[in-house]
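Could you build all of it, start to finish, from the sequences and the hints given here?
If you read the sequences in order, they're chains Y and C. Using this note's numbering, you'd call the opening residue of the first sequence number 15 and step up by one each time. Using this note's numbering, you'd call the opening residue of the second sequence number -8 and step up by one each time.
The hints are simulated quantities; they were obtained by calculation from the structure and are not laboratory data. Check each hint, because a few of them may be wrong.
Stated by the list, open to error - Not close to chain Y: a few residues of chain C, all C-beta gaps over 12 Å, as computed:
{"hint": "1", "residue": "Gly53"}
{"hint": "2", "residue": "Ser71"}
{"hint": "3", "residue": "Ile103"}
Unchecked claim - Among the chain C residues that face chain Y by a calculated CB cut under 10 Å, a handful are:
{"hint": "4", "residue": "Tyr16"}
{"hint": "5", "residue": "Tyr27"}
{"hint": "6", "residue": "Gln33"}
{"hint": "7", "residue": "Gly34"}
{"hint": "8", "residue": "Leu35"}
{"hint": "9", "residue": "Leu37"}
{"hint": "10", "residue": "Lys40"}
{"hint": "11", "residue": "Ser61"}
{"hint": "12", "residue": "Thr63"}
{"hint": "13", "residue": "Ser64"}
{"hint": "14", "residue": "Phe81"}
{"hint": "15", "residue": "Lys96"}
{"hint": "16", "residue": "Gly97"}
{"hint": "17", "residue": "Ser101"}
{"hint": "18", "residue": "Val102"}
The C-beta atom is built at its ideal place from N, Cα and C for all residues, glycine as well.
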Amino acid sequence: KAGVTQTPRYLIKTRGQQVTLSCSPISGHRSVSWYQQTPGQGLQFLFEYFSETQRNKGNFPGRFSGRQFSNSRSEMNVSTLELGDSALYLCASREQETYEEQYFGPGTRLTVT
Amino acid sequence: AQSVTQLGSHVSVSEGALVLLRCNYSSSVPPYLFWYVQYPNQGLQLLLKYTTGATLVKGINGFEAEFKKSETSFHLTKPSAHMSDAAEYFCAVTYSGNTPLVFGKGTRLSVIA
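Here it is in structure tokens:
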């Protein structure tokens, strides 16, 4: 099976713009989680979607949003970008409803200037 | 609230030496514990996990970890370091399997020839 894919891999945006990142889970996986990774804060959970429904949400402002489509592909959107949003955004998928077996994609490196 | 502390943001060992990466967790209920590895420009790969049962867990690439409830620890070890082990290692905890993982800040492992 193909692994988790994320597009684009690298992105440069200007402060105030918005951005959409995409994640395609492993075939058959219904759950997608998003994480933000920064040198200062480490890995922080953004949100999780299971069968098109948001099931968990981390402590991030409303500028961060996401959705999941019927084919389990997921997108996350960040509006009104700030310099502090520069990070590696990781997507993870799993087949089961528990967090035991998550498979991570390579991430999207977002740079906000 | 759950938390994970990884002692040492950077550990350096000689090739062939013992690898010991420390992880202590805080959880009010029995935890599920994980170790992930991240190579440069890649996502996270699951090394091993503890959910229930045997407290000594063996993972991929010769790594193992022991769950010690009395010490609230889940340290990662490998008897003999290889150059290919150089990467960043993350310890993570959840307590129900249905709540998102909480990650430690990570430990960067360097292996010296």
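Hints versus structure:
1. Every Cβ of chain Y is farther than 12 Å from the Cβ of Gly53 (chain C); the closest lies at roughly 21 Å, confirming the non-interface assignment.
2. Every CB of chain Y lies more than 12 Å from the CB of Ser71 (chain C), the least distance being 27 Å, so the non-interface label holds.
3. For Ile103 (chain C), the non-interface assignment is confirmed: its Cβ lies about 23 Å from the closest Cβ of chain Y, beyond the 12 Å cut-off.
4. A hinted interface residue such as Tyr16 (chain C) counts as satisfied when its beta carbon comes closer than 10 Å to some beta carbon of chain Y; here the least separation is about 15 Å, so the hint is violated.
5. The interface hint given for Tyr27 (chain C) holds, since its Cβ lies 8 Å from the closest Cβ of chain Y, which is under the 10 Å cut-off.
6. The interface hint given for Gln33 (chain C) is met, as the beta carbon of that residue sits about 5 Å from the closest beta carbon of chain Y, less than 10 Å.
7. With 10 Å as the threshold, the beta carbon of Gly34 (chain C) comes within range of chain Y, its nearest partner Cβ sitting at about 3 Å, so the hint holds.
8. Below 10 Å, beta-carbon pairs count as interface contacts, and Leu35 (chain C) has one with chain Y at about 4 Å; its hint therefore holds.
9. A distance limit of 10 Å between C-beta atoms decides the matter here; for Leu37 (chain C) the minimum to chain Y is near 7 Å, and the interface restraint holds.
10. At about 6 Å, the closest approach between the beta carbon of Lys40 (chain C) and any beta carbon in chain Y falls short of 10 Å, and the interface hint on this residue holds.
11. Proximity of Ser61 (chain C) to chain Y is violated relative to the hint, the smallest CB-CB distance being about 24 Å (cut-off 10 Å).
12. Interface hint status for Thr63 (chain C): violated, as the beta-carbon distance to the closest one in chain Y is roughly 19 Å, over 10 Å.
13. Taking 10 Å as the C-beta contact cut-off toward chain Y, the hint placing Ser64 (chain C) at the interface is violated, the least distance being around 19 Å.
14. For Phe81 (chain C), the shortest C-beta to C-beta distance to chain Y is roughly 7 Å, which falls under 10 Å, so the interface hint holds.
15. A distance limit of 10 Å between C-beta atoms decides the matter here; for Lys96 (chain C) the minimum to chain Y is near 5 Å, and the interface restraint holds.
16. About 6 Å separates the beta-carbon of Gly97 (chain C) from the nearest beta-carbon of chain Y, less than 10 Å, and the hint is met.
17. Here the hint on Ser101 (chain C) is broken, as its CB sits about 17 Å from the closest CB of chain Y, past 10 Å.
18. Of the supplied interface hints, the one on Val102 (chain C) is violated, with its beta-carbon coming no nearer than about 22 Å to a beta-carbon of chain Y, more than 10 Å.
The structure fails to meet hints 4, 11, 12, 13, 17 and 18 from the earlier list, while all remaining hints are met.
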